[in-house]
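Listed in order, the protein sequences are those of chains S and C.
Counting along the first sequence from 1, when you hit position 256 you're at 256 in the numbering used here, and nothing is skipped either side.
Counting along the second sequence from 1, when you hit position 245 you're at 1245 in the numbering used here, and nothing is skipped either side.
Hints were generated in silico from the structure; no laboratory data involved.
Quantities reported herein were computed from a predicted structural model and do not represent experimental measurements.
Heads up, some of the hints might be wrong.
Unchecked claim - What the simulated footprint calls covered on chain S by chain C, stretch by stretch (three residues with Cβ under 8 angstroms from a Cβ of chain C suffice, anywhere in the stretch; the number is not a length):
1. 39-45
2. 53-65
3. 198-211
4. 214-223
In this text, a Cβ means the ideal position worked out from N, Cα and C, and glycines have one as well.
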Amino acid sequence: MWKKIKYYVSVAAALTRLAIQSQMEYPFMLIGHVLANCVQWVVGFATIKFVVDSFGSLGGWGYESMAFLYGMSVLSHGLVVVFFIQTWYMPYCVIEGEYDMFLLRPMGVLFQFLFEDFNLIGITDMIPGLMVFFYGCAKVHLTVNFANTAMILFTLTGATLIRGAVWIFCGSLSFWTKSTANFTDMVGELFERVSMYPLTIYPKWTQVLFTFFLPLAWITFYPVKDILGMEGSVIPVPMAVISLGVGVVMFALSCGLFRVGMYRYESAGS
Amino acid sequence: MKAYLFIVKIRIQSALAYRFNVISAILVQCLFMFAMACFWKAAYGGAGAVLGVGEQDMITYTIISVIMGNLLTMGVEGRIESSVRSGSVALDMLKPVNIYGIYLAEDLGDMVVAFFQIAVPLLILGTVMFGLPVPASTVHFILFLLSFSIGYLINWILAALLGMCAFKVISMGPVRNVKGFIMKLLSGSVIPLWFFPKGLRAVLEVLPFVNIYQLPLGIYIGRYTYGEMLLRIVFQLLWCAALWLIFITVQKKAAASVLIQGG
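Starting from the given sequences, assemble the full structure and let the hints guide the process.
Here is the structure:
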């Protein structure tokens, strides 16, 4: 078992190095993406600031806590783009028979697929993400201690797993539909709307939907509320731990769906 | 003219071939519209009018803005870049029509499709969720259409100007996205300018971007007096004319620097 894990880690490292090297061949592309991402998140953040400045608060949330929420959201977006961007191309791989190559090798298909192209450009999302995050931390006067650090790390891990799971889930659907239908835009919009703004601005049924049935509220909303100590929670467990749990369960389920889907994979004609 | 109309027709036919894309686009836009309307509802939270605009007006603003966003998608930027990269721009230039005429016709064709495929469904969905977004009056609506058309041209020329950079740099990378994000903020498409800090607003009012979204939308919800509307539309026309002149000048220079890659 230990040997196997070691082997997987070494392969992941080798693949990552190759991917980074190939992307470093185009430094200007990278710089362009840093700029684009910074502009994107600054614009998004300005929108919130201007509105909250004019209205005072939004769904019971003040400017400071919204800044923190936004930072957490952008950060987890950056992480998922780094590790799981490959899943965007799953429908294409199913139609074109790209999985043949992975199936022939003696390793997990999903593992190979996810690490085949480590997305260096995704790190450019992390730069504005970190900026907004630290700004938010300063605004809410977050005390740096073990508990808070652990909760933030738990939340980010959970958030990345939840987002990644949804992407894998949507991509795996193409094993059945056999179409290039791409849900990337739809899911992206959903993530942004649910994780960057407090859930309290939406109607009750939406809140229930995103808490229990499509648990996207666990990406940022509940754990951040808990970290900021906004209200006494009903359950004695920190929300960040629940987020992590939701993330692990969803990720496991999506991997399961991918495996089942793989049985229906029939490669490409000709 | 017949040639351009034919392009419009071809564009409509090819867009009709992708059913899933249409449904997905409607869903994404509907999601965005719903979220933004909730956002404004939460911001107002029962307050009557903030900075002279009521909650219902703001929701109308949002619904119409989302619909406009779908009509104002400009293919010209990507079109120039891809035809420069593939070299097909040379073939386009050989044809006995103006290439920018072709590109404009293509975008207009796309707009016709977007109107029926996305705008109308969105209007229906918006009406079901939040009530019919009615304009302030018939006159306001007519002026809105006028201002929207001028705004369309301004937006198109800006897109074409950016697209022409491709003649020089061949690959534009994420520049187009940057323009999209900046425009989103500066044009008032998401947040109207009256919520911006005063100094920033003064600068933005002079730039051409407000004429694309904010002006037509402001007219639609009856934000301006008649005198102000006319003045602003004249100003909008001036911007359009100025950009057109820049466009004509740049276009001549750009044509000279076309580099044919294979083809």
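Hint-by-hint comparison with the structure:
1. 39-45: holds (count 3)
2. 53-65: Answer holds; 5 residues pass the 8 angstroms Cβ test.
3. 198-211: holds (count 5)
4. 214-223: Violated - the region 214-223 of chain S has 0 residues with a Cβ nearer than 8 angstroms to chain C, which falls short of three.
When held up to the earlier numbered hints, the structure conflicts with hint 4 and nothing else.
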